[in-house]
Amino acid sequence: MTRRGGMSHEYYLDLRGQRAPEPLLHTETYARQLCAGDSLLLELDDPDSLPGLEDWAGRHHCRLLIEPGQGDIRRVRLELDD
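The sequence shown begins at 1 in my numbering and counts up one residue at a time.
Don't take each hint at face value.
What the hints assert, rightly or not - Pair by pair, the computed Cβ-Cβ distance ranges are:
id, residue 1, residue 2, range
1, Gly37, Arg75, 14 to 24 Å
2, Glu54, Arg32, 12 to 22 Å
3, Tyr30, Gly58, 13 to 23 Å
4, Ala20, Arg77, 15 to 25 Å
5, Arg63, Thr29, 13 to 23 Å
6, Cys35, Asp72, 23 to 33 Å
7, Gln70, Ala36, 30 to 40 Å
8, Gly71, Ala36, 30 to 40 Å
9, Leu25, Ile66, 13 to 23 Å
10, Arg16, Leu65, 10 to 20 Å
11, Gly71, Cys35, 28 to 38 Å
12, Asp48, Gln70, 17 to 27 Å
13, Gly37, Gly58, 10 to 20 Å
No lab work stands behind these hints: they were computed from the structure. We put the beta carbon where it would ideally sit given N, CA and C, even for glycine.
Based on the provided sequences and hints, a complete structural model is requested.
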């Protein structure tokens with residue numbers, strides 16, 4: 001996980017090439033380190049991982065935004081509520 005931006009508290013996790021359930025497991029691990037107001041940007045190419053991430057975000061009161069990517073790559077942003 002790498003930090004992007006100075007004070008924006010946005011973190012980046014590259015999950016390309018991983019298949020469900022690995023992206024969800026990695027997301028859970030790194031999301032525990034985030035504070036309120038932080039966001040985690042994931043890049044993944046496995047559409048089967050999206051339902052698990054949507055479920056997880058709902059249970060943990062996070063906003064989940066799916067952004068367009070290039071080709072099969074999806075950019076998924078998880079934002080923790082303040």
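The hints, checked one at a time:
1. Gly37 / Arg75: 14 to 24 Å: holds (20 Å)
2. Glu54 / Arg32: 12 to 22 Å: holds (19 Å)
3. Tyr30 / Gly58: 13 to 23 Å: 18 Å Cβ-Cβ, so the 13 to 23 Å window holds.
4. Ala20 / Arg77: 15 to 25 Å: holds (19 Å)
5. Arg63 / Thr29: 13 to 23 Å: holds (20 Å)
6. Cys35 / Asp72: 23 to 33 Å: Distance hint for Cys35, Asp72 holds at roughly 32 Å.
7. Gln70 / Ala36: 30 to 40 Å: holds (31 Å)
8. Gly71 / Ala36: 30 to 40 Å: holds (34 Å)
9. Leu25 / Ile66: 13 to 23 Å: Once the Cβ atoms are compared, 19 Å apart, the range 13 to 23 Å for Ile66 and Leu25 holds.
10. Arg16 / Leu65: 10 to 20 Å: Holds, since Arg16 and Leu65 (Cβ atoms, about 18 Å apart) stay within the stated range.
11. Gly71 / Cys35: 28 to 38 Å: At roughly 33 Å between Cβ atoms, Cys35 and Gly71 fall inside 28 to 38 Å, so the hint holds.
12. Asp48 / Gln70: 17 to 27 Å: holds (19 Å)
13. Gly37 / Gly58: 10 to 20 Å: holds (19 Å)
Against the hints set out earlier in the document, no violation occurs for any number.
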